[in-house]
Amino acid sequence: MKRRDFLAAASASVLPVFLDGFGLKALNRQSALVQALGQTQAAYSDRVLVIVYLNGGNDGLNTVIPLDQMSQYNALRSNIAIPQAKVLTLNGNDKTGLHPAMTGLRNLYNDGNLSIVHSVSYPNPDQSHYRATDIWMTGVEANVTETTGWAGRYLENQFPGYPVGYPNAQMEDPLAIQIGYLTSTALLGSQQSMGIALSDPDSFYQLVGGTSATSPSAGGLPCCDAGDLIAYIRKQQALSVGYASEIKRAADAGKNLATYPDSTASNALAEQLKIVARLIHGGLKTKIYFVSMSGFDTHSGQVDSSDTTIGDHATRLGKVSAAIAAFQQDLTLQGTADRVVGMTFSEFGRRANSNASRGTDHGVAAPMFVFGTNVRHRTIGQNPDLSNLSGQASNKEIPMQIDFRRVYTDILTDWFGTAQTTTSSLLFRPFPTVSLFSDMVETVASGDWTNAGVWTVGRVPTANEYVRVNAGHTVTLRQSVDVRNLRLDGKLVTGGYTVRMTG
Amino acid sequence: MLRLDTFTQPLTAKTAAHLLRRATFGPTQAEITAFTGLTAAEAVSRLISNANYSPPPPIDLDSTASTAGQPYLDLPFNGDRNFAFGHYLRYWWMRLMTDQSAPPSLLDKLTLFWQNHFVATRDVIDDYRFVNRYLLLLRNNALGNFRTLVTQISKDPAMLRFLNGNENEVGKPNENYARELQELFTVGAVDFDGNKNYTEDDVKAAARVLTGWKYTNFWKNGSTSFDTTFTSTKHDTTNKTFSVKYNNTVITGRTGTTAGDAELIDLVAMLLKHPQTPRFICRKLYRWYVNPNVTTEVENAVIIPLAQFFASDANNYAIQPVVEKLLTSQAFFDDTNIGSMIKSPAELAIGAMRLFNQPVPDMNTDYVAFKKYFDFMFWRMRDMQMALIDQPSVFGYEPYYQTGYSQIWINTTTLALRSDYTDAYIWQWLEIKTGYKMGIDVVAWATSLQTNFADVSGTPAITCVDVQTAFSKNLFALDLFQSQKDFLIDTIMMQGVPRQSWVNEWNAYRTSPTNTNRRNAVKYRLQNLMRYMLRMAEYQLF
Numbered sequence: 001m002k003r004r005d006f007l008a009a010a011s012a013s014v015l016p017v018f019l020d021g022f023g024l025k026a027l028n029r030q031s032a033l034v035q036a037l038g039q040t041q042a043a044y045s046d047r048v049l050v051i052v053y054l055n056g057g058n059d060g061l062n063t064v065i066p067l068d069q070m071s072q073y074n075a076l077r078s079n080i081a082i083p084q085a086k087v088l089t090l091n092g093n094d095k096t097g098l099h100p101a102m103t104g105l106r107n108l109y110n111d112g113n114l115s116i117v118h119s120v121s122y123p124n125p126d127q128s129h130y131r132a133t134d135i136w137m138t139g140v141e142a143n144v145t146e147t148t149g150w151a152g153r154y155l156e157n158q159f160p161g162y163p164v165g166y167p168n169a170q171m172e173d174p175l176a177i178q179i180g181y182l183t184s185t186a187l188l189g190s191q192q193s194m195g196i197a198l199s200d201p202d203s204f205y206q207l208v209g210g211t212s213a214t215s216p217s218a219g220g221l222p223c224c225d226a227g228d229l230i231a232y233i234r235k236q237q238a239l240s241v242g243y244a245s246e247i248k249r250a251a252d253a254g255k256n257l258a259t260y261p262d263s264t265a266s267n268a269l270a271e272q273l274k275i276v277a278r279l280i281h282g283g284l285k286t287k288i289y290f291v292s293m294s295g296f297d298t299h300s301g302q303v304d305s306s307d308t309t310i311g312d313h314a315t316r317l318g319k320v321s322a323a324i325a326a327f328q329q330d331l332t333l334q335g336t337a338d339r340v341v342g343m344t345f346s347e348f349g350r351r352a353n354s355n356a357s358r359g360t361d362h363g364v365a366a367p368m369f370v371f372g373t374n375v376r377h378r379t380i381g382q383n384p385d386l387s388n389l390s391g392q393a394s395n396k397e398i399p400m401q402i403d404f405r406r407v408y409t410d411i412l413t414d415w416f417g418t419a420q421t422t423t424s425s426l427l428f429r430p431f432p433t434v435s436l437f438s439d440m441v442e443t444v445a446s447g448d449w450t451n452a453g454v455w456t457v458g459r460v461p462t463a464n465e466y467v468r469v470n471a472g473h474t475v476t477l478r479q480s481v482d483v484r485n486l487r488l489d490g491k492l493v494t495g496g497y498t499v500r501m502t503g
Numbered sequence: 001m002l003r004l005d006t007f008t009q010p011l012t013a014k015t016a017a018h019l020l021r022r023a024t025f026g027p028t029q030a031e032i033t034a035f036t037g038l039t040a041a042e043a044v045s046r047l048i049s050n051a052n053y054s055p056p057p058p059i060d061l062d063s064t065a066s067t068a069g070q071p072y073l074d075l076p077f078n079g080d081r082n083f084a085f086g087h088y089l090r091y092w093w094m095r096l097m098t099d100q101s102a103p104p105s106l107l108d109k110l111t112l113f114w115q116n117h118f119v120a121t122r123d124v125i126d127d128y129r130f131v132n133r134y135l136l137l138l139r140n141n142a143l144g145n146f147r148t149l150v151t152q153i154s155k156d157p158a159m160l161r162f163l164n165g166n167e168n169e170v171g172k173p174n175e176n177y178a179r180e181l182q183e184l185f186t187v188g189a190v191d192f193d194g195n196k197n198y199t200e201d202d203v204k205a206a207a208r209v210l211t212g213w214k215y216t217n218f219w220k221n222g223s224t225s226f227d228t229t230f231t232s233t234k235h236d237t238t239n240k241t242f243s244v245k246y247n248n249t250v251i252t253g254r255t256g257t258t259a260g261d262a263e264l265i266d267l268v269a270m271l272l273k274h275p276q277t278p279r280f281i282c283r284k285l286y287r288w289y290v291n292p293n294v295t296t297e298v299e300n301a302v303i304i305p306l307a308q309f310f311a312s313d314a315n316n317y318a319i320q321p322v323v324e325k326l327l328t329s330q331a332f333f334d335d336t337n338i339g340s341m342i343k344s345p346a347e348l349a350i351g352a353m354r355l356f357n358q359p360v361p362d363m364n365t366d367y368v369a370f371k372k373y374f375d376f377m378f379w380r381m382r383d384m385q386m387a388l389i390d391q392p393s394v395f396g397y398e399p400y401y402q403t404g405y406s407q408i409w410i411n412t413t414t415l416a417l418r419s420d421y422t423d424a425y426i427w428q429w430l431e432i433k434t435g436y437k438m439g440i441d442v443v444a445w446a447t448s449l450q451t452n453f454a455d456v457s458g459t460p461a462i463t464c465v466d467v468q469t470a471f472s473k474n475l476f477a478l479d480l481f482q483s484q485k486d487f488l489i490d491t492i493m494m495q496g497v498p499r500q501s502w503v504n505e506w507n508a509y510r511t512s513p514t515n516t517n518r519r520n521a522v523k524y525r526l527q528n529l530m531r532y533m534l535r536m537a538e539y540q541l542f
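Sequences listed follow chains B and X, in order. Going by the working numbering, the residue at position 135 of the first sequence is 135; the numbering climbs one at a time, nothing skipped. Going by the working numbering, the residue at position 371 of the second sequence is 371; the numbering climbs one at a time, nothing skipped.
Mixed in with the good hints, there may be bad ones.
[What the hints assert, rightly or not] Listed next, the stretches of chain B that the computed footprint assigns to chain X, with coverage defined by at least 3 CB atoms under 8 Å from CB atoms of chain X:
#, segment
1, 125 to 139
2, 179 to 186
3, 232 to 246
4, 321 to 329
[Stated by the list, open to error] DEER-style ranges, computed between Cβ atoms:
#, chain 1, residue 1, chain 2, residue 2, range
5, B, D338, X, D479, 34 to 40 Å
6, B, A258, X, L73, 48 to 54 Å
7, B, A393, X, A262, 24 to 30 Å
8, B, D338, X, L73, 56 to 62 Å
Calculated from the structure, these hints are not laboratory results. The C-beta atom is built at its ideal place from N, Cα and C for all residues, glycine as well.
Between the sequences and the hints, there should be enough to build the whole structure, so can you do that?
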């Protein structure tokens, strides 16, 4: 190794030289400011995604409750069923309710800032925590293994070559931040994580030491795995130092304007989202934040023995709901709400039948929540049909309605503005939209109007939705229907019925 | 060559240190010296025979408690102290990992392997007596027989609690344990090529085999014993049929008080007959001891033959011979496998205590200092993402199973925490007790290198090179390049001034060792050097 290279590599953790350090940082900040002022923002460039992982496999059927099928619901899980009177009802939707602990999310729904995506899964679902988590995070078919994460692939496509040459004038901030100490598979790029782990923005700078850094050289390493590991660690050293001052600046400038659950609530998710909101407000240009909450693997005792509306699962759902509601309120007060969207996911849902331990074993599909001011439909898909579940008598599973990669597709294409062909290659094949961010409900196939599978939103369009029959599709009416507006690029077989336009 | 054949060359300091770093939590300098010249077989045999199976029991470390300094496991259950007593078990175990006065043994590193394999956590187990029994089961059988280990852990009270086995009853199955028993403990989810090793119906069938197990006296204040029980009326007595993955094995349903054990024996026999079980375990051992990166070459040349041996009739799942074979193999000592992993927080934290000879205060007579010592280590290790007996999930610590493996230990935040940890050895701010400041007295160390310290005119001063050489002895798994050594001396230690200045400064200090300014002048350089070396990427490897 050349001495110059080693110097460059080693300076990442060099002892701080305070005067030089401060001088250099001031310059950096100034030039970053100049850069920012000089840049014309592309339409999508300031958009942020917040991924909320509910670790363990959340029980979807006690999260989003089918009010139209309460007798089947009670029969499947009498020892953990939420009494109908306690279920939170939703404006304009008498079929579906939320767990009583989720008042915050209920309000978001009623305000039009929450989409419930029903029964999300994928073909040939896996019930191993490890494998199922991997499938969700890498975004692949159940029979394919992949070492990169879906969000990591997006970031790598946007910021090629990372981490070599980063931070730089075009992107001086971390591409992705996971609040915590480890980075998730979802953020893995082809070489390493595209994100950084950050537990506390206030102490990060101090901890890292905030010294100047140049990018370590790739040459002059020992052979084999050891050399790869040293190169990896040096890159992490350089990144941590390189990002420390930007994170400090954002953390100092950003403020939380909403009230979050206080520390006595032990709401880890709220604590994490609080940091995210502060960094967004502080102007960090990070594209993706990853936060998580564990404890959803409720094999046993998910409800209290005397009252099914309280207990372990209720506590967790309450925390999720309160955390997201406070976060959304914070963004609104900050004026940043329009450029942030969030999604929750869990590796699988749980079985429709409860077990005798007042718990539920590993299952298949479960709802996702997508939140933010930009969601356009409050429900995607419909309640699972509890009379037609798959599986044996006491092992009933909730089948998939919506493939999770359709949600990813909308996030990549419609939220981040990725070209459709690029999104298809990032997800290994094209997936139809679920119209998450589009007012337009479109056809994805030919069929009867009343067939939920015909529509992007996985259900029949409502009277106040815009509808488009896409070219190549034929939709057949079996009754008259109301829509806001209808655009016909394909065919409509009316059979004497009419489409009334309310808009 | 990456082969299982025995490595026959006598150990050098480098290969002895490699063996000790991997088989224990890190060597002392004296251990490296003592192991140099042995064959690998002799060395591993010592690491095995040095195991102490009857260490003194854990004691109450709360100096304000009435039972301070006394063993507590033989007292009636005391719920008021449950967390503390469970937590002190960790310190009890960490002592066995850290103590430099005991001869080096591989037992506790291997016990940690099993604890991270058959994961159960203090937090979920909750009752400290259950945690203790679980830990002892793993420790006492770590080198024993895998069949025994799987059978015993399946009805261990802590495991019954951790994976809800106690709630698994006839007609009301709870599948949690049945799934992890297959996916994580024996056959593994998939084979090397990614094919599934069992079906969802196999999970359900195994759950039915395992119905009826319970435990007694959990968290019962004043209770003096607890045990596993089998309730035959809660047991599913029908036949259990498994898939083609298990050759359509049928486990005959039994009745009566012996039904649970009889069916468990059949189940474990079936699981251990699965051709993937020995490979899954051997692959995991290889990743733990040798290299997380298992290539096709390694799979064929090391894992498969080792697995065949592990499951052979002659060996019948004995663990010790497998560990011996692996740790004495050519693959283990291959150059490419030295420095091929990133240290876990345990290897970093405990390894530094051992290499820098930070004595563990006597647990019984000096328990306040003992607690302080391990408080520091435990909470730092937890921040670096390795809380002992407190894995984030049943999979164990992420760097042992997730893509990326040992790299996962390192990110922007944990790297900074690691630096902060090693910095503590330099600044010596932690006072374990009066007269014992944790860390490295760099001036004393340099002084020990100087012959005839007081004879300034007659005996030449130690040079920068002498200091850098001594301070980095056995510090890194791999040798530094000459350019790196020069950088460390000229840029870090000397900060750009000529090397001769060191000699002048050192001799000035030798002349007046009580002069604070002169002492600080050399101390500053020595601290800079050592602190930097401990922050280097190379130090994170082992």
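A range of 24 to 30 Å was offered for this pair. Does it hold for the Cβ distance of A393(B) and A262(X)? 28 Å, holds
Quick check: does the Cβ-Cβ distance between D338(B) and D479(X) fall within 34 to 40 Å? 57 Å, violated
Does the segment 321 to 329 of chain B contain three or more residues whose Cβ lies closer than 8 Å to a Cβ of chain X? Three-residue rule not met by the segment 321 to 329 of chain B, so violated; n is 0.
Are 3 or more residues of the segment 232 to 246 of chain B near chain X, judged by a Cβ distance of less than 8 Å? Check passed, 8 qualifying residues.
Are there three or more residues in the segment 179 to 186 of chain B whose C-beta lies closer than 8 Å to some C-beta of chain X? holds (count 4)
Verify the CB-CB distance for A258(B) and L73(X) against the hinted window 48 to 54 Å. 49 Å, holds
Would you say the C-beta atoms of D338(B) and L73(X) sit inside 56 to 62 Å of each other? 60 Å, holds
Chain X covers the segment 125 to 139 of chain B, three or more CB atoms within 8 Å, holds or violated: It holds: at least three residues are needed, and the segment 125 to 139 of chain B offers 5 whose Cβ sits within less than 8 Å of chain X.
Checked against the numbered hints above, the structure violates hints 4 and 5; every other hint is satisfied.
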